[in-house]
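Colleague: One letter stands for each residue in the lines below.
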Amino acid sequence: MKLALPLRLIYLYRNLTRNPLRSGLTSAAVALPIMIYVLSMAVVDGFENFLDNSARQLRLAVTQRTSIINPLPEGHRRKIEALDPEKTRLISVCGLRYIGGQRENDPMPLSTLAVDHDTFIASFPEHQLTDEEVDAWLRNKQAIMVGRGTAREMGWKVGDRITIFPSVPPYKLIEFQIVSTLENAQDFVTNWCRRDYLEEELKKYGAPSGNVTFFFVKCASREDLDHFRGAIDAQFAGSLDETRTLDEKTFMNEFVTQQFNLPRNLTILAALTVFVAVMAATNTMSMNFRDRTNEVATLKSLGFGSAFAFSLIQTESLLLCAVGGLVGASVPFVLFTYTPIRNITIPLIQTLEIAPSTCIKAVGMALLIGIVAALWPAWLAVRMKVVSALRSLE
Amino acid sequence: MALPLTYNFRNLLVRRLSTSLTFFVVTVVVAVLCVLLSFAAGIRASLRASGWPQNVLVLKTGATAESTSIIYPDEAGRIVQTPGIATDSSGQLLLSPELCVQTSVPRIGPDGTPANVAIRGVDRVAFDVHPEVKLIEGRLFEDGAQEVIVGVQARDRYQNLHVGGEVMLGRSTNRVFKVVGVFEAAGGALESEIWSGRTMIADAHNFRFVSSIAVRLEDPARAEEAIRYIKGPAVRMNARTEVDYYDDLSTKTRQIVLLTSILIGIMSVGAIFAVANTMYASVDSRRREIAMLRTIGFSRRSIVTSFLVESLLITLTACLVGIAVSLSVDGSRQDFLSDTTWTVLAYELRVTPEIILSALGLSTLVGLFGGLAPAVRASRTRIIEALRKA
Chain A
1 MKLALPLRLI YLYRNLTRNP LRSGLTSAAV ALPIMIYVLS MAVVDGFENF
51 LDNSARQLRL AVTQRTSIIN PLPEGHRRKI EALDPEKTRL ISVCGLRYIG
101 GQRENDPMPL STLAVDHDTF IASFPEHQLT DEEVDAWLRN KQAIMVGRGT
151 AREMGWKVGD RITIFPSVPP YKLIEFQIVS TLENAQDFVT NWCRRDYLEE
201 ELKKYGAPSG NVTFFFVKCA SREDLDHFRG AIDAQFAGSL DETRTLDEKT
251 FMNEFVTQQF NLPRNLTILA ALTVFVAVMA ATNTMSMNFR DRTNEVATLK
301 SLGFGSAFAF SLIQTESLLL CAVGGLVGAS VPFVLFTYTP IRNITIPLIQ
351 TLEIAPSTCI KAVGMALLIG IVAALWPAWL AVRMKVVSAL RSLE
Chain B
1 MALPLTYNFR NLLVRRLSTS LTFFVVTVVV AVLCVLLSFA AGIRASLRAS
51 GWPQNVLVLK TGATAESTSI IYPDEAGRIV QTPGIATDSS GQLLLSPELC
101 VQTSVPRIGP DGTPANVAIR GVDRVAFDVH PEVKLIEGRL FEDGAQEVIV
151 GVQARDRYQN LHVGGEVMLG RSTNRVFKVV GVFEAAGGAL ESEIWSGRTM
201 IADAHNFRFV SSIAVRLEDP ARAEEAIRYI KGPAVRMNAR TEVDYYDDLS
251 TKTRQIVLLT SILIGIMSVG AIFAVANTMY ASVDSRRREI AMLRTIGFSR
301 RSIVTSFLVE SLLITLTACL VGIAVSLSVD GSRQDFLSDT TWTVLAYELR
351 VTPEIILSAL GLSTLVGLFG GLAPAVRASR TRIIEALRKA
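Protein chains in written order, with my numbering: chain A, 1 to 394; chain B, 1 to 390.
Quick caveat, the hints were computed from the structure, so don't treat them as lab data. Hints may contain errors.
[As the list claims (entries may be wrong)] Quick list of simulated restraints, FRET-style, between CB atoms:
id: 1; chain 1: B; residue 1: ARG78; chain 2: A; residue 2: PRO208; range: 45 to 55 Å
id: 2; chain 1: A; residue 1: ARG56; chain 2: B; residue 2: ASP128; range: 49 to 59 Å
id: 3; chain 1: A; residue 1: PRO208; chain 2: B; residue 2: PRO353; range: 42 to 52 Å
id: 4; chain 1: B; residue 1: ASP128; chain 2: A; residue 2: GLY159; range: 21 to 31 Å
id: 5; chain 1: A; residue 1: VAL372; chain 2: B; residue 2: ASP111; range: 31 to 41 Å
id: 6; chain 1: A; residue 1: GLU153; chain 2: B; residue 2: ARG78; range: 33 to 43 Å
id: 7; chain 1: A; residue 1: GLN128; chain 2: B; residue 2: ASP128; range: 33 to 43 Å
id: 8; chain 1: A; residue 1: PRO208; chain 2: B; residue 2: THR364; range: 40 to 50 Å
id: 9; chain 1: A; residue 1: THR267; chain 2: B; residue 2: THR113; range: 16 to 26 Å
id: 10; chain 1: B; residue 1: ALA324; chain 2: A; residue 2: ASP160; range: 40 to 50 Å
id: 11; chain 1: A; residue 1: PRO208; chain 2: B; residue 2: ASP111; range: 30 to 40 Å
id: 12; chain 1: B; residue 1: LYS178; chain 2: A; residue 2: ASP233; range: 20 to 30 Å
Don't be surprised by glycine CBs; every beta carbon is placed ideally from N, CA and C.
Using the sequences and the hints, build the whole thing.
Modeller: Right under this line is the structure:
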């Protein structure tokens, strides 16, 4: 015997609203873990995007072999450039020196790097500077480009003269003039100033100069990246300052994994929360079935087949979990797309972007939870012996 | 009149599937809570055990950590006039100039990824300034020898740092230093470090400066005076008590605690719904039973209490299992790269009594909130109506 679709839908609706509290609690118990799943995966995706973006830049990071903090002599740049004098495969080499720094009488740490001004633009094209900005950067030794997030927080704007107290030598206030607030850059925290200016300051105070913290080497292709990774280290092997060259993605990934390995830990957490949702949904579905054992027995005795009983319980469970999934996925999506919460910044990945694909995946996950949760009760319904079930009919 | 506990226990056994599913939900939430907090507790325990209130750490003004601080000998000389510096039995000032560098050492484990381990070059006076540093194995490094002693956490977390092992140091990582001893430092951050003679480290790196100066005062009460002097015109350097310095480094743990609280908050609400669901089902299927209990004289209050006890029975036993699961990570070794010092801090995950208490508190709340509404509904059962159906 078959039930017409409209009747079937009405029956389904009545079933779900028969115990609205229970249906609501089940959907909520699925929605909350799905919400954690969406947030966790958004952070994990953020890290992956960040790393993929690093990979797309076709850059190598060259550090001192022993430790990232140990300096390298600036003279290494010429030796690296000499590996490809035509600059067809090795496009540019940019030395960077960490300054860190803070404003005078303000403990908040800044992230500032001094870079080789002549190769910076070619090495970091992702900053998408305008011609005026490039011009100001090249003309003015005191030029500094500040991350737009930092600029907003500090109330800085283009043209401002600012002073920064560096966390490294010469440990004296240095004056800069802002030439850009990097409106199109992905990174909106870091400030970039000219290394030739820093060198002047270092020499003025007799501090050790002529060092960089690392070099970033822009290559023309992926093959060149692989080639120069080995070639650079070979060039300095056996010298006083040996190097360790990594592609930018591996270099960045080392930081990420060493600081609590957030991507891995969040993935574990997401898996656990999905497990919790399965438990919660299974609980309700088995309760639903138990409450309606007699009803299912009656339906079966009227001629409805096992397939009908199975699909009935499965559809109910699917619907409850779909509602939970939709709520769980849409709440973080709306919060992080349309409300001020979207301005919250997270180190490295910047703002949390909840991709529609993550939400779709989460809803899919919720549907899967619905199917898994109803498997056991639905199976019980299929196997139910009508006679014995009806015998206990109230 | 209260209902006996066995009544609740047996009721739970009637709905085995439902009870055990809810039980698992709470177990997972508690286990996640304990494990996440054990990270923060481990780091905090290590950093809290570090430093003395009477030790003042002098860094170059502007430097945020020892690794980025450079103090030249003439600047170091200006410290000696600091008021309140303690002396040893021979009258020597307890001032310890220290040189901090790093080297890359692979971690113990299948992947063996390299970690940036802190190396501290010290003079003999350092052992009087940091009296918590005690050799537990082997001997001290000898002056002028390429020898190191290693902290117990570093030995257990990184490769080849046992006594007799070797570690490559120096600007070109080409000097072989032999491990001759292992030290502990009251569980503090120094246990993640490798120590050697300052002159040997300075020579290996070709450095003519120190990173920091640790000053031990006679009395912690004089710390403020000493810090004022060092920051003042006579010295012009940055000074903080060691306790404050390590407290700043533990900022990261506050972020973990915050993140954990948000995640666990959301998960707990989910768990409350699961408990409520189970308890509502339990109430609905026991209407007649409840009516009967009321008829024979049990008050509304004892019905509410009974249902609350039932839901607490689930959540608290689940809590105990969750804690037991999380104890399996207790003591396991981790490390994290501080973005202030750029060196690794090795620590043990700690499921502390505070964490256990917060887990118990959380599951009590989940039990109470999840059980309250169903319990109230149970107590409002209309006796006549329910009995009529019997």
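Colleague: Against each hint, give a clear statement of whether it holds in the structure.
Modeller: Hint check:
1. B:ARG78 <-> A:PRO208: 45 to 55 Å: violated, 20 Å
2. A:ARG56 <-> B:ASP128: 49 to 59 Å: holds, 55 Å
3. A:PRO208 <-> B:PRO353: 42 to 52 Å: holds, 50 Å
4. B:ASP128 <-> A:GLY159: 21 to 31 Å: violated, 55 Å
5. A:VAL372 <-> B:ASP111: 31 to 41 Å: With Cβ atoms ~33 Å apart, the hint holds.
6. A:GLU153 <-> B:ARG78: 33 to 43 Å: holds, 36 Å
7. A:GLN128 <-> B:ASP128: 33 to 43 Å: violated, 57 Å
8. A:PRO208 <-> B:THR364: 40 to 50 Å: With Cβ atoms ~60 Å apart, the hint is violated.
9. A:THR267 <-> B:THR113: 16 to 26 Å: Because 18 Å falls inside the window, the suggested range holds.
10. B:ALA324 <-> A:ASP160: 40 to 50 Å: violated, 59 Å
11. A:PRO208 <-> B:ASP111: 30 to 40 Å: holds, 36 Å
12. B:LYS178 <-> A:ASP233: 20 to 30 Å: Given range 20 to 30 Å: holds, Cβ gap about 27 Å.
In the structure shown, a violation is registered for the earlier hints numbered 1, 4, 7, 8 and 10, in ascending order.
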